[in-house]
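Please take these sequences and the hints and turn them into a complete structure.
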Amino acid sequence: MSDPTEREATEKALRVFLLGIEDVLGKAGLATALRQANAPQYIGHCPPPTMDRTGHKARYITQVTRAIHNIYGVRGARAIVQHVGRAQAQSGIAEMPLLISATKIAMKLVPRRQQVRLVLEMEARAVNEQVDDQIEIAEDMEFFYHEAHQCCYCIDWQGESSSVCHTTVGFLNGLLAAMIEDAKFRVDETMCRAKGDPMCRYRITLNPKRFGKQNEQRFASSEQSISRHSARRRGRCRQTRDGNDFAARGFGAVHQ
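So in this note's numbering, the last spot in the sequence shown is 588, and the numbers never skip.
Some hints could be false.
Okay, the calculated beta carbon distance ranges per label pair [as the list claims (entries may be wrong)]: (1) G361 - A509: 23 to 33 Å; (2) A434 - D472: 21 to 31 Å; (3) K440 - A360: 42 to 52 Å; (4) C378 - P429: 16 to 26 Å; (5) G405 - P429: 30 to 40 Å; (6) P443 - Q373: 41 to 51 Å; (7) K436 - G361: 25 to 35 Å; (8) I432 - R518: 15 to 25 Å.
Everything labelled a hint here was simulated from the structure, so no lab data went into it.
Note that the coordinates shown come from a computational prediction; the quantities given were computed from them, not determined experimentally.
Where is the CB? At the ideal position from N, CA and C, for every residue including glycine.
Dropping the structure here:
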């Protein structure tokens, strides 16, 4: 089995990611992040918007994301990469105006919950095609879950005490807001591979006000328990798991 940490991203996936950073930080800011990430070959040389895989490693996305964390700190990086994620969503929508328009019209005929599921499944297919993040969509009560088993934003990134894949949080927020009219939801990353969890898991709450703080605390406690159990198990069999992880679906990320 090929090493999932060395998998390639499509030219389009890396292009959208880099242009999203440039949109937020400007050309000079992007160049600084690329140098810090040891990826200077992309300074002034953004890949073309094709679905070809021509040697662009998905881990480059992690490397650049990690460089932004090192440069701007945890809080600054969180705000920056969430904006990058929203820019990625806008870019993806802009590239397919006819398809998106037809999809939005068709979705008006189905209930809101089904609309959310259709958008998330469409997103999962697109991301899996471009960066092999192995995304799965699940749902339970007021929630949908976006689960990336090989997230490209934290490849081989370990030892963090908090989640780092805020780009996907911004992306999901931007995508759902653009595709579903009058949508009320919240996106939280509740598990992250950079913390030792088995996946990067994003919880989409459909009715955050109705959900309430008490239930929020109950579900947070439950997911923390799952996370601790996963970390212990991962510690016992890290070599086996790392050697046999599947290639995940989702949008690009980089590792340092």
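Results for each hint:
1. A C-beta distance of roughly 25 Å is found between G361 and A509, which places it inside the suggested range of 23 to 33 Å.
2. Checking the proposed 21 to 31 Å range against A434 and D472 shows it holds: the Cβ atoms sit about 30 Å from each other.
3. A beta carbon spacing of about 43 Å between K440 and A360 agrees with the range 42 to 52 Å that was offered as a hint.
4. One distance hint, 16 to 26 Å for the beta-carbon pair C378 and P429, holds here, with the actual separation near 22 Å.
5. In this structure the supplied range 30 to 40 Å holds for G405 paired with P429, their Cβ-Cβ distance being about 38 Å.
6. For the hinted restraint 41 to 51 Å between P443 and Q373, the CB-CB distance of approximately 48 Å keeps it satisfied.
7. A C-beta distance of roughly 33 Å is found between K436 and G361, which places it inside the suggested range of 25 to 35 Å.
8. Distance hint check for I432 and R518: the Cβ-Cβ separation is about 23 Å, which falls inside the suggested range of 15 to 25 Å.
The structure shown violates none of the earlier numbered hints.
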